[in-house]
Every structure is written in C-alpha cells, then in structure tokens.
Amino acid sequence: MSSRLTSWYVFGFINIAILSLVACSGEKRPNADASAFRVALLTPGPISDQAWNATAYQGLERMRDSLGASISHIQTKTPAEFEENFRQYGAKGFDLVIGHGFEFQDAARRVGPQFPQTLFATTGGEGAGPNVVALSFAFDEPSYLAGMAAAAMTRTGVIGVIGGTELPPVKLGFEAFLAGARLVRPDIRLLTAYIGNWDDASAGKEQTLAQLSQKADVIYQNADAAGLGVFQAVRQAKGAWVIGSNADQNGLAPEVTLGSVLVDVPHAFLLLARQRQANTVQGPTLRFATASEVVRWVPNPTAPPLPEQVRAKMDSVRAEFAAGARPVLTPR
Amino acid sequence: MTEALLALWDGAFGSSYAIWSATLVRSAPLLLLGLGVALAFRAGVLNIGAEGQFLMGAISATAIAQSMGGTVPSIVMIPVMALVGALAGASWAGIAAWLRQRFGVLEVISTIMLNFIALASISWMVRGPLQEPTRIYPQSAEIPGPAQWPFLIPGQRLHLGFVIGLLACGIAWVVLTRTAIGFRIRAVGASPSAATSAGGIAVAGTVLRVFLVSGACAGLAGAAEVGGVTWALYEGISPGYGYTAIAVALLARLHPGWIIVSAIFFGALEAGASAMQRDAGIPSVVVQVIVALVILGVLAGSQRRVIAGAATLGAEGRR
Numbered sequence: 001m002s003s004r005l006t007s008w009y010v011f012g013f014i015n016i017a018i019l020s021l022v023a024c025s026g027e028k029r030p031n032a033d034a035s036a037f038r039v040a041l042l043t044p045g046p047i048s049d050q051a052w053n054a055t056a057y058q059g060l061e062r063m064r065d066s067l068g069a070s071i072s073h074i075q076t077k078t079p080a081e082f083e084e085n086f087r088q089y090g091a092k093g094f095d096l097v098i099g100h101g102f103e104f105q106d107a108a109r110r111v112g113p114q115f116p117q118t119l120f121a122t123t124g125g126e127g128a129g130p131n132v133v134a135l136s137f138a139f140d141e142p143s144y145l146a147g148m149a150a151a152a153m154t155r156t157g158v159i160g161v162i163g164g165t166e167l168p169p170v171k172l173g174f175e176a177f178l179a180g181a182r183l184v185r186p187d188i189r190l191l192t193a194y195i196g197n198w199d200d201a202s203a204g205k206e207q208t209l210a211q212l213s214q215k216a217d218v219i220y221q222n223a224d225a226a227g228l229g230v231f232q233a234v235r236q237a238k239g240a241w242v243i244g245s246n247a248d249q250n251g252l253a254p255e256v257t258l259g260s261v262l263v264d265v266p267h268a269f270l271l272l273a274r275q276r277q278a279n280t281v282q283g284p285t286l287r288f289a290t291a292s293e294v295v296r297w298v299p300n301p302t303a304p305p306l307p308e309q310v311r312a313k314m315d316s317v318r319a320e321f322a323a324g325a326r327p328v329l330t331p332r
Numbered sequence: 333m334t335e336a337l338l339a340l341w342d343g344a345f346g347s348s349y350a351i352w353s354a355t356l357v358r359s360a361p362l363l364l365l366g367l368g369v370a371l372a373f374r375a376g377v378l379n380i381g382a383e384g385q386f387l388m389g390a391i392s393a394t395a396i397a398q399s400m401g402g403t404v405p406s407i408v409m410i411p412v413m414a415l416v417g418a419l420a421g422a423s424w425a426g427i428a429a430w431l432r433q434r435f436g437v438l439e440v441i442s443t444i445m446l447n448f449i450a451l452a453s454i455s456w457m458v459r460g461p462l463q464e465p466t467r468i469y470p471q472s473a474e475i476p477g478p479a480q481w482p483f484l485i486p487g488q489r490l491h492l493g494f495v496i497g498l499l500a501c502g503i504a505w506v507v508l509t510r511t512a513i514g515f516r517i518r519a520v521g522a523s524p525s526a527a528t529s530a531g532g533i534a535v536a537g538t539v540l541r542v543f544l545v546s547g548a549c550a551g552l553a554g555a556a557e558v559g560g561v562t563w564a565l566y567e568g569i570s571p572g573y574g575y576t577a578i579a580v581a582l583l584a585r586l587h588p589g590w591i592i593v594s595a596i597f598f599g600a601l602e603a604g605a606s607a608m609q610r611d612a613g614i615p616s617v618v619v620q621v622i623v624a625l626v627i628l629g630v631l632a633g634s635q636r637r638v639i640a641g642a643a644t645l646g647a648e649g650r651r
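Chains as they are written, first to last, in this note's numbering: chain Y, 1 to 332; chain L, 333 to 651.
Here chain Y stands alone, though its shape is the one from the complex (with noise of 0.2 Å):
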C-alpha cells in the first residue's frame, strides 16, 4: 500500500515538474504574425556550443532585431528530422529555412521543389534550383592571409594546422594557408593534424604538443571547442603563435594570438534575408567572400607587428580578393 502512496507522489510529482518546466521556459511565440517575415534555423548541435551553432543563432536573432523577422529554431540529429522538420516548416509557409551545415543539402533537394514559396538555405554544401540555395563561405581567402602571416612569423620554417574532422571546407582552409604560407616563404613545411572530433579539448593540445616538439612555431587551429586545447598548448610552450578561426578568437590567449580567420555567420545570414525579401536570391551557390566582408583576416592588435613589406603584400592580395581577381587555389 505504501509502495503505491510513492509511485503517485512520484507521478504527481513529475507531472508538476512538466508544467512549471513548460510555464518557465518563456515561450517566443514565434508564429504570432503570419504576414511578417518568417525565418527558420535547423543547427545539428546544441545553440551554446559558443562556436558553429552558437553564431548560426546569433545570426537568427540578428535577422529577427535587424529585420524584425518572426524566427524560430530546432536543433536536429539525423537526416530523417531534417527532412521531417524541412516540410515542417515549408507546409506553413516560412520565407526562409536556413540548416546550418553541408549535412542538410539531401533534404533540402529533396523538400525544396514541394514548397516554391519556401527558400531553402545551407551553409555549405551545394544548391539545387531556384530555392534551394548553398551559402558558400570563402573561407580560403582569409586563411590564405593568415598563412602569410604565418610564414613571416615563423623562425624554424616549420608551420602546423589542426582541425576537429576532415571535413571539405576544413581541409580547403588549410589548403589555402599552406598556399598563402608559400607564397610569403616557399620552403615552408605544413604539419597537418585532425584530432577526430570537435569537442576533446584535451586531444586538441596533445595534437600541439606533438606539432611543437616537430618545431612548429605558427598552429592554425579549426577545431571548435576542441580547439581551445590547442590555445592551452601554445600558450605552456615559448615562442609559438597559434591562430584562431571561425570567431574572433584574438581575446582567449592574446599574448600567443597571431590572429583569427573569421567567418560572419549572422553578417551573411543578414544579407541573405535581405535578398530573400527583395528576391534577389540567385542560386544555385551565395559565395561570400572578402568583398562582402563576411569573411575576414583579423590580426590581434597586440601581437607583434608583422614586416612592412610581407604587411603591404598581405594588403595587395586582399584588394585583389576583394576585387574578385584573385583565385585562391589553382582549381584542381
């Protein structure tokens, strides 16, 4: 009898803890006005991972201070829910559906040509149609910058870059630094790393550890969280730079940081929602480059300052990206 006195305060107790849980959580109302703008975001992780999701949904709340858009946000897993969640949102008419990452282009293709109305965004991967568009970051452009830096910087000629997991823009960053490293020294030698994830921060300074004892001076990271491992490592060891991406990242150890590759996310999601609603939208791919600003080499302002003439050059390409007269990469 009493066992069963505790299993109804336990029920009682948990169906409580439901409704003050759903009164507290301070609902957005997000659809109140059908006629507003109407802007939707899919990330695949969690919004207070302080790097990608993070700034996917500052820019969400960019568009909806700047533009006063209606928005609402689901954080997705698999595959399945980005499709399920992509008609979702295109059967009630959304202006716009961004999924933050390559990982949502499939579903994309595959609801985009059911809803016309809808435009359908993802960062990354590639387009299909008139409202299924790609955002594409140039995120060669500033890691190029960035490799200059880098080879004006290092004494022992030796340069290293480490990054969560292989994935395409990734691998197409460190491609570039190499290329920009080049250009300012041509002997220049990469070390490369992948430490297989993007949150073990302990696994991004062993990766560190073991480029600065091959005598790397100049550590491009681009590994999320886990990269805060490698600030750590560079930071213990002496007279090594690191170089930060993604975010400003000049301010988490800035007497190691050389500078930060940074990728707008909200600044390219403001554009993006602009031309939505002056349709002015042309797909397949949205390339944001250093023309748009969207994408950027920020030196830490309280580094040491880099020689004149590689700092005169650094500016000429820059113009020259700006200008759109320059490729990165010799196409492969």
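Don't read these hints as lab results, they were simulated from the structure. Predicted model, so just to flag it, every value in this text is computed and none were measured. One or more of the hints may lead you astray.
What follows is a list of derived Cβ distance ranges for each label pair [unchecked claim]:
1) G477(L) x E320(Y): 26 to 32 Å
2) T302(Y) x G477(L): 55 to 61 Å
3) Q282(Y) x G477(L): 28 to 34 Å
4) V404(L) x R182(Y): 48 to 54 Å
5) A278(Y) x W341(L): 35 to 41 Å
6) P482(L) x P130(Y): 28 to 34 Å
7) L582(L) x R182(Y): 55 to 61 Å
Covered stretches of chain L (in silico footprint by chain Y; criterion: 3 or more residues with CB under 8 Å from a CB of chain Y, positions within the stretch not fixed) [what the hints assert, rightly or not]:
8) 465-471
9) 551-562
10) 565-571
11) 610-620
Note that CB positions come from ideal geometry on N, CA and C, so glycine has one too.
Put chain L on the given structure of chain Y with help from the hints.
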C-alpha cells in the same frame, strides 16, 4: 503554457502528416530495435549493442544497394537489402555471443564496445569505400531508385519498414507464447540452471540463437532506415535509436505486443518534442528535460499497475 503542450500533441498526433510522416516514421526503427532488445533480455542476454548492430545493418544495406546498381528490380533489391542488413546485424551480435561463450566476456561490455567500433566504421565508410562520387562530403551517394523502399501512403513518409516491424512483433509474440522455442527462451531467461536441470534445455545454443535473432532485428532496422527514410548513408543516421530501444523494451515490459505501443509512444514523444521547439519556441534543452520527465512519469504510472498486478503477472513479467 498550454501552447507548449498543445505543440507536443500536435507534433505527434495533431494532423495526418504528424501521424503518418513524423510519429510513425520515428517509431519504425524503434519497433524492430525494441523487439530485438526485448527478445535478448527475455533470454537473459543483456544485449545493449542494438545501436552498433543497427549501424552495421545500415552500412551493409547501403553497400549492397550501391553494388547491385539501378538495373535490379525492387522486388529483388528490397528483400536482398533486408536480408543483408539482418545478416550484418546478426554477425555483429554474433561476435559478442562468441566472446561470451568462448571466453566468458560479459555481453554488457562487449556489445557496448562493439557499438563504438560500429560508429567508427560508419565514419570510415562515408569517407572511404562508400563515399559519394565527388569525394567531398562524408556521406554515401543516394541509393538507386529500385532500392528505395515504397511508401505506404502517397504523400506521406511512412515506409515498408514499419509494416515489417509490426509483423516481426506479431511473429515474436506468437513464438514466445505459443511455441516450444518460446518456452525455452523464457525458461533460459528465468533461470539457466533450472532450464538445464529440470527442462533439459541446451542453454548455450538457445542463448546463441536469441542473440543472433536480436542482432538481426537491429540490422534489419538499419536497412529499413536507409531504404525507407534517408536513401543514403550518413554518419549521424542514428540519434541513438539503439539506446532508446532499451527504454522501449523495458517500458513494454519485454512483451512483443506492448513493444508496438511503446515504440509508437517514443516516436510520438520525439515528433512532439520537435514541434515544441519549432512551434512553441521552447529551447531544445528544456524540451529534452520535459521528454525525460514524461518518460519517468509514464514509467511511474505503469509501475503502479505492475505493483498492483504483480501477483497475477508471475513469470510473464520478468523485470
């Protein structure tokens, strides 16, 4: 507040789309996986490797579909995919079964370790042998048209795999309760020593067979997910279905009939959880907590019945 709970309901059962394209599509893999886990647990085999067996099924089904190409008709292609997926799942479970019988390795440990190996294998496959032709993205190419399993209702995403899951649960129910094989499984699960001495049952053989069937169910679920839903192999093909399946099996009290109810419940919960984020603007972390609390609530609720009916349940309700 009511808006949030309404969104949960609407996302799960609020429209024909919610039922046929969200809830039941998510239930489909859970049916077969939950059944596999339940069968193993019934025989006293703690197979928590459904996740890995699922992934191996998905990999193998993709590989066979790609290698057979687009010229083989569906009528041949789909059974072959199902069979190959089931075989792959069974062999993956077979490793754990062999380790248990040859070296006495606890299957709780070996199956979970095999999950990690399967996860690493899929990462390798989508960057190596099965990578799409442009070699840019870590995923396979789309499987050819004849390998895409038919939808049950035009315009909805519910696919053949769901029916297979229902059939499998029905068959398992009959076998467990009406046949000598089923009796042996239950006897071995209840007490291996009693099964040997009083029943003259070959425990090792029964355990091995149940282990393999359990793995086959999971592998078949993997093939069905590739054939029916994703049409390609991705690293993130499973959000942890194999682990949810353990909850599905336990909530159903390891009864094949109740697996159907339990799998649909979990499918509905996940579909509703998406809708809470999407339509009510509730952050995903809060949604996860709510989902966990709902599961706890249902378990606590069903526990009352278990306690009340414990006397009558007897040997039926192991666990």
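| Hint numbers the structure violates, sorted upward? | Going through the list in order, the structure violates hint 1 alone and respects the others.
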